[in-house]
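**Q** Here is how the chains run, residue by residue.
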Amino acid sequence: MSVAITSREFQELADLMRDETGIALSPTRSYLVENRLTKLLIELRIDTFEDLIIRIKKGSTHGLMDRVIDAMTTNETSWFRDPAVWAKLRDQLLPRMRQVAKREERKLRIWSAACSTGQEPYSLALLAHDEGWGDDLEVVGTDISSSSLFVAMSGRYHDYAMSRGFVGQWMHYRERFFDDAGGGIHELRRSVRQSVKFRKLNLSEALPEDLGRFDLVMLRNVVYYLSPQTREALLQEIAKRLRWRAGVMLGETETLVGTGENYVQEPIGGLELLFPRRELSAASRTSGMPRRTS
Amino acid sequence: MTLTRNDILQAAATCTDLPSFPQVVLALEQAFQKEDASVQDIAALVAQDAPLSARFLKVANSALYASAREATDVRQAVLRLGLVESRRIAIASSLLGAFGAMGGADAEKFWQHNLAVALIAEGIAKRSPNVGDDDVSAVFTAAILHDLGAIVLTYLYPEEVAALASRAHTHGQNLCMLEAEVWGVDHAEVGATLAETWGLPSPLPEVIRHHHHPLAAPDDVQVLAQVVHVANFMANNRGFRRGEETHQESCSDGAFDALGFDMGEIPDLIDEVEELGERGEQMAQL
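Quick mapping for you: the protein sequence lines, in order, are chains A and B. Read left to right, the first sequence gives residues 30 to 323 (this note's numbering). Read left to right, the second sequence gives residues 2 to 287 (this note's numbering).
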């Protein structure tokens, strides 16, 4: 059961969210607002979304907007989310990228943006450790939520979180790399945790200088939530952080409609990645050949 | 018959069938807040209460405070442990004496959780640059009582509570939200009502009321409610839990960020939480 939201109320809440976080809520997802905020309304004994908006605007309930943002931005996450993508990562893209990094005698660096409680960056580390080259990988996991990052750094997960994703061919990663910490808590082995560095980052602000450069940026299920302006600014910033021939991976159903003019989509290792356009022209200039995704 | 918000709050407000709150806890708190709190004062308060003295001595002489010589009276024990640790033991012991038998089979786990949260809350309050000395000293007692409503609910309505817990477990739902949805009242509000009925001084009722949504707490108890909320979240993440919830307790990032921790110190903080949580569990078992 959830409290119904009118289109006018939705618009007002969406405006508040955009002003505070740069996150754009699409009206087609108003059900998401109802689902996620109904619990908050019940808890605070607020009957309607109209009352909620009045209380946010009056500032009469301390920290109310923070709670709305918390509720709206906590993303459900799972291990190896979209298994077909992970199979290709494991079998094709990662081995290929690893060879390049190895030839250049450096670690393979991947950025998992908006990583929530750490399942995506740790899934990458699990693949590498399972094949014995975990120490050659450095994943940077970033998120805006400090408490999510606490869970990620802690490396401890409850039964429910463990039930999401560790099935079929992925089950053995759970068996091999997690220890039972008792009472329905599972701890990821330290060796795997050490391949991932977490830091707090707001994607709607300028990226810090010391973030470094990456071979791959996983920006999955993120751009969907960003306003076109924030999205464009982020993509421009990311382009500066990509190594030569490095790309950006979006979520399976995501596109850059109306933004990302400077990127071009190309298949590599069975996956569609986005590459900055400047590289294409630079590649054509130096080699006289169209870019190849070798 | 379905349980309603009114039934529950009325039972909490009239306190029939419930043990009374141990007044020695309030006397101890008052004594400790005096600038010139002395070993004599504290020892005298503890010694007045025979079951409390016995328990206090048992803890003071346990392996947790390994010492060559056994303390034979309360004064000796207080001297050896120091005022701060004595206060923790005295408050925990009197609460366990009064309520330790409530909550049936889950009682031990429940108090392990409460003590873990209390020690973790104190630890993160000390570490935070944004928590003042007064709040650091007040947080232990507020934190140890945060889930008071849950044990009272379990005591008054064991079957209903078990049914709800099993529903939360099966569907991976948040128990606190489920309480509010099904009964119209959650354990935080029940605990706060009871604290008010008992006449517990501010900020205790308000911290108990807001430990799941600290940003909604009144300004003067904001910081304490935030510390208890975050400590509860951290304790649950590390496995110091009172129930078998299948999901991770959610945390308000507003509250987490208000504590002002640098993300670089989180690994150290995690180690500290682990250590304090284990210590809390041991204290509850004695």
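Some clues are possibly wrong.
As the list claims (entries may be wrong) - Calculated Cβ distances over 12 Å to all of chain B for the following chain A residues: (1) Asp44; (2) Ser59; (3) Ala100; (4) Val114; (5) Ala116; (6) Lys131; (7) Arg132; (8) Ser177; (9) Asp188; (10) Ile214; (11) Glu216; (12) Lys229; (13) Arg242; (14) Glu266; (15) Ala268; (16) Glu290.
Claimed, not checked - Computed footprint of chain A on chain B, listed as stretches where at least three residues anywhere in the stretch have a Cβ under 8 Å from a Cβ of chain A: (17) 44-50; (18) 211-217; (19) 248-255.
Note that these hints are calculated values from the structure, not bench results. Predicted model, so just to flag it, every value in this text is computed and none were measured. C-beta: ideal position from N, C-alpha, C; glycine also.
**Q** Could you work out which earlier hints the structure fails to respect and list their numbers in ascending sequence?
**A** 3, 8, 9, 10, 11, 12 and 17
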